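Take the sequences, apply the hints, and build the full model.
This note's numbering puts the first residue of the sequence shown at -3, with every later residue one more than the last.
A few of these clues could be false.
[Said to hold, decoys possible] Computed list of lysine-lysine pairs in DSS-like fashion (alpha-carbon distance at most 25 Å, straight line):
1. K169 - K189
2. K169 - K113
3. K148 - K179
4. K182 - K148
5. K67 - K25
6. K181 - K113
7. K148 - K67
8. K148 - K181
9. K173 - K187
10. K187 - K148
11. K173 - K163
12. K169 - K182
13. K113 - K67
14. K163 - K189
15. K169 - K187
16. K113 - K25
17. K182 - K163
18. K163 - K148
19. K148 - K129
20. K163 - K113
21. K181 - K163
22. K113 - K148
23. K148 - K15
24. K173 - K189
25. K25 - K15
Think of the hints as simulated: they come from the structure by calculation, not from any bench. Note that this is a predicted model, so its numbers are computed, not measured.
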Amino acid sequence: MMNSVLFGNGLNRLSATNKSWDELLDEIKYPNEFDNGNLPNTMVYERILFERPGLSNILEEELNVKEKIAKAYENIDAPSIYRELYSLNAQNYLTTNYDYAFRDSILDEFDYKVLNKSTEEIYSIRRKIEIEKNGHEPTNIWHIHGEIQHPKTIMLGLDHYCGEIGKIDAFIKGRYKYSVDGKTKKLKSVKEKLILNELDGVSSQPAK
-3 MMNSVLFGNG LNRLSATNKS WDELLDEIKY PNEFDNGNLP NTMVYERILF ERPGLSNILE
57 EELNVKEKIA KAYENIDAPS IYRELYSLNA QNYLTTNYDY AFRDSILDEF DYKVLNKSTE
117 EIYSIRRKIE IEKNGHEPTN IWHIHGEIQH PKTIMLGLDH YCGEIGKIDA FIKGRYKYSV
177 DGKTKKLKSV KEKLILNELD GVSSQPAK
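Right, here's the structure in full:
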């Protein structure tokens, strides 16, 4: 198996331009201000969504909210710790962040080619950015909670989390299917992949 690193918004908090979850939620509440109390972030998000003025189409309203979230995170400065993180030379970096601060910190120093390897519109089982390093093993960045370039993929509400869990369950048990160029592909279960040493590089890594 390849080396992997998981990180989240804690590292972004080292940047002066980043927003905390409370700041973000307060920003998208407008014009309905309320105290969060002891509600978890997911429930605050759901309340914001369902109390939107003139709510008529829930999917359209949710996309509007997610577009506001994407805009709030599009100009985050990359903290210097990201360069240290990249120096670990892991093959996979998994992040719950929606932004591209980590990717941009790499591209600020190196002239690498970036490929977006995901065709998913909502979920993030295969959401991978591949950074080609001039003949070396590529670095993969997995935005497991979605990314700002595709606002529909931003995962914050309970409905989205539950849908993602269903996709993960299907992936683990070998029921996961997806389409590429009109062709349906079906993956083996994780247990089968481990037994056969046939990891496929779709949402896990190839055998060495």
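Against the structure, the hints come out as follows:
1. K169 - K189: Distance of about 11 Å is within 25 Å: holds.
2. K169 - K113: Holds, because 23 Å separates the two Cα atoms, which is no more than 25 Å.
3. K148 - K179: Measuring from Cα to Cα gives roughly 23 Å; hence the hint holds.
4. K182 - K148: Holds, at about 24 Å.
5. K67 - K25: holds, 15 Å
6. K181 - K113: holds, 15 Å
7. K148 - K67: holds, 13 Å
8. K148 - K181: Status holds; Cα separation ~23 Å.
9. K173 - K187: Satisfied, since the Cα-Cα distance of roughly 17 Å is no more than 25 Å.
10. K187 - K148: violated, 31 Å
11. K173 - K163: holds, 9 Å
12. K169 - K182: holds, 11 Å
13. K113 - K67: holds, 23 Å
14. K163 - K189: Holds. K163 to K189 sits at ~17 Å (cutoff 25 Å).
15. K169 - K187: Roughly 8 Å separates the two Cα atoms, so the pair holds.
16. K113 - K25: violated, 33 Å
17. K182 - K163: Satisfied, since the Cα-Cα distance of roughly 13 Å is no more than 25 Å.
18. K163 - K148: holds, 16 Å
19. K148 - K129: It is violated: about 30 Å lies between the C-alpha atoms, which goes past 25 Å.
20. K163 - K113: It holds: about 18 Å lies between the C-alpha atoms, which stays within 25 Å.
21. K181 - K163: holds, 14 Å
22. K113 - K148: holds, 17 Å
23. K148 - K15: Roughly 20 Å separates the two Cα atoms, so the pair holds.
24. K173 - K189: holds, 15 Å
25. K25 - K15: With Cα atoms ~15 Å apart, K25 and K15 stay inside 25 Å; holds.
The structure shown violates the earlier hints numbered 10, 16, 19.
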